[in-house]
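There are 2 protein chains.
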Amino acid sequence: MDKKYDIEDLCERFKDEDKVALARLITLIENEPDSALEIFQHLDDIEHESYIIGLTGSPGVGKSTLTGQLVKRLVEKDMKVGVISVDPTSPFSGGAFLGDRVRLSEISCHPNVFMRSLASRGYKGGISRAVFDISLLYEAFGMDVIIIETVGVGQAEFEIYKLVYTTILILIPGAGDSIQAQKAGIIEIADIYDINKKDLGGDEVAVQIEMMLDDATATQSGWRPPVIMTNSIKGEGVDELLERIWEHKEYVELSDLFEEKKKRRYAYKVKDAIMNKIESILLNNLFNEEDLKDIGSKIVNNKFKIHEKIHNIFENVHFDIKKE
Amino acid sequence: MDKKYDIEDLCERFKDEDKVALARLITLIENEPDSALEIFQHLDDIEHESYIIGLTGSPGVGKSTLTGQLVKRLVEKDMKVGVISVDPTSPFSGGAFLGDRVRLSEISCHPNVFMRSLASRGYKGGISRAVFDISLLYEAFGMDVIIIETVGVGQAEFEIYKLVYTTILILIPGAGDSIQAQKAGIIEIADIYDINKKDLGGDEVAVQIEMMLDDATATQSGWRPPVIMTNSIKGEGVDELLERIWEHKEYVELSDLFEEKKKRRYAYKVKDAIMNKIESILLNNLFNEEDLKDIGSKIVNNKFKIHEKIHNIFENVHFDIKKE
Chain A
1 MDKKYDIEDL CERFKDEDKV ALARLITLIE NEPDSALEIF QHLDDIEHES YIIGLTGSPG
61 VGKSTLTGQL VKRLVEKDMK VGVISVDPTS PFSGGAFLGD RVRLSEISCH PNVFMRSLAS
121 RGYKGGISRA VFDISLLYEA FGMDVIIIET VGVGQAEFEI YKLVYTTILI LIPGAGDSIQ
181 AQKAGIIEIA DIYDINKKDL GGDEVAVQIE MMLDDATATQ SGWRPPVIMT NSIKGEGVDE
241 LLERIWEHKE YVELSDLFEE KKKRRYAYKV KDAIMNKIES ILLNNLFNEE DLKDIGSKIV
301 NNKFKIHEKI HNIFENVHFD IKKE
Chain B
1 MDKKYDIEDL CERFKDEDKV ALARLITLIE NEPDSALEIF QHLDDIEHES YIIGLTGSPG
61 VGKSTLTGQL VKRLVEKDMK VGVISVDPTS PFSGGAFLGD RVRLSEISCH PNVFMRSLAS
121 RGYKGGISRA VFDISLLYEA FGMDVIIIET VGVGQAEFEI YKLVYTTILI LIPGAGDSIQ
181 AQKAGIIEIA DIYDINKKDL GGDEVAVQIE MMLDDATATQ SGWRPPVIMT NSIKGEGVDE
241 LLERIWEHKE YVELSDLFEE KKKRRYAYKV KDAIMNKIES ILLNNLFNEE DLKDIGSKIV
301 NNKFKIHEKI HNIFENVHFD IKKE
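Residue numbers (this note's numbering), protein chains in the order written: chain A, 1 to 324; chain B, 1 to 324.
Excised from the complex, chain A in its bound form (with noise of 0.2 Å):
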């Protein structure tokens, strides 16, 4: 079959709304990255603007759960609504456990919800790459709501704020130290915190979190980020975190800040598309997996000259890169 035809076709369905269609051609996105420039070529007279929601927290937090929450209520006032779920996974495997998603099945399954598991890790062109090209297609979709959702505590996983317009931070109380390190994480960038397993006793959390904002700076920008409590399992105060995301939503598109964050998001495409690009390039041809094990062998009883060695390989090697 020609593959023109089909990418072609598929985008017809897709523009039907076709949910197999959506399916499939978010399979082909993050299997083959450079078919994304054909199927938005597709696509580029659709007019359409969702708002993008990034749900962020530690392993445990109950990521899942609220998001099912959050969707089961999206879906009650008709909304669409598409889910990324970047999940921590084996590079080696290849497979996720997907024991959470399992739970969001029933939901997954409504008419107008599409949801979407990435694994982090062994994605051509990284993970944001990919995270982006379906929040994309998600948008020509005609998703009313898009939620990523992601452990933020990686360097790499941390940088999906930026493609988002609301930030939820989730916290669990009772772990000591880790709200600590949690929040020393991803903290400042969050726009609303949610304290979830509340009946583990969220309101010492609470008080931590409320002290820390009257300290910081950030708040000074006219948005006080709100901490709210939930129980994602029984789903109480999943209501009030819909308000605030609400209200962070209002706030953010009556002011600069919308057209802010909708540049950033493309300028962190852009950019993690040509660092790809690069990357494969020096990879595939100058510095291959073979290339790097030769020099890796070489240095092995010389390691205190790697520095040198390293110095002498950019003396060496020519890099002339410039625009027309």
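In case anyone wonders, no lab produced these hints; they're calculated from the structure.
A couple of the hints might just be wrong.
For chains that are exact copies, the list does not tell them apart, and a pair is met inside one copy or across any two.
[As the list claims (entries may be wrong)] Here are the simulated SDA-like cross-link-like pairs (lysine to any residue), alpha carbons at most 20 Å apart as the crow flies: (1) Lys263 - Ser297; (2) Lys277 - His318; (3) Lys305 - His110; (4) Lys293 - Thr27; (5) Lys298 - Ile46; (6) Lys277 - Leu292; (7) Lys277 - Val317; (8) Lys77 - Lys305; (9) Lys305 - Asn112; (10) Lys80 - Asp239; (11) Lys277 - Glu289.
Mind docking chain B on chain A? Use the hints.
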């Protein structure tokens, strides 16, 4: 003061086992990556090999306390120990919440111990760069053991396992789904599993991991990763953890693995250095923050054309990279 003289002088004092000189060289390497070249030119006559251990796990599992317990036992055996703690720190404030570290201050004053905390973001050349360079400095300083303690969830943080010889994954019981997620993240690369906070009921997790190891193809390598339980605050099980570490060390050193792991360590550093070099060339010259913002602005009302825009950028940029 002549800077060259300064580095030379610091390196002389470093060779006399002056910890203040070590501290200053680390700071230099942290702030000025390029200084590593000159520093190691003064140290390349040293012959010493450290054994490098990685301790990884989600925030709150007790990595710092466990590290403290291990360090205490190592110095009791007259060993010199260097610790690198990678903190998930704010990219904005730049400040880490060092609560955990404070507790370790007593042991860190011991003459045979040196500890350094790194923020995991905002590093010139990324966190891997700093972690490698500091570990190399520790090796030159004559450390018997180096412990690299890191949150093993993120893409970048995860890769730190390529820098160590024995990887210990720390889990905690009772987190339910979280264990699933934690497991999925890093489980196949662990050489030892430690279930910390065992008083919260570690048996179930231990069984889960043992079952997973039964299934795993990874264990066919000849080393069946042991699963042990500790209570890091009370110090329970730490002696056993240390025994398992020595067993793995022996296993590694008696096989080809040691050579392989060392080659991997240096190859990783070389790749990392090359990528950093290119990134800085690119982002400082052709695509600086302003350029990217500018591109972002142009796309904001044409978002579905972003891939076309990126494609055009590549059409007009010439990458000519060649080795002599």
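So, going through the hints one by one against the coordinates:
1. Lys263 - Ser297: For Lys263 and Ser297, the Cα distance is within 20 Å only across copies (5 Å; inside one copy 45 Å).
2. Lys277 - His318: Cα proximity of Lys277 and His318: in one copy and across copies (17 Å, 12 Å).
3. Lys305 - His110: Neither. Shortest intra-copy (60 Å) and inter-copy (30 Å) distances fail the 20 Å Cα cut-off.
4. Lys293 - Thr27: neither (32 Å within a copy, 30 Å between copies)
5. Lys298 - Ile46: between (55 Å within a copy, 17 Å between copies)
6. Lys277 - Leu292: both (19 Å within a copy, 16 Å between copies)
7. Lys277 - Val317: both (18 Å within a copy, 11 Å between copies)
8. Lys77 - Lys305: neither (64 Å within a copy, 31 Å between copies)
9. Lys305 - Asn112: Cα proximity of Lys305 and Asn112: none, with 59 Å in one copy and 26 Å across.
10. Lys80 - Asp239: Within one copy only: 18 Å inside, 55 Å across.
11. Lys277 - Glu289: both (17 Å within a copy, 18 Å between copies)
Violated hints, listed in ascending order, are 3, 4, 8, 9; each of the other numbered hints is respected by the structure.
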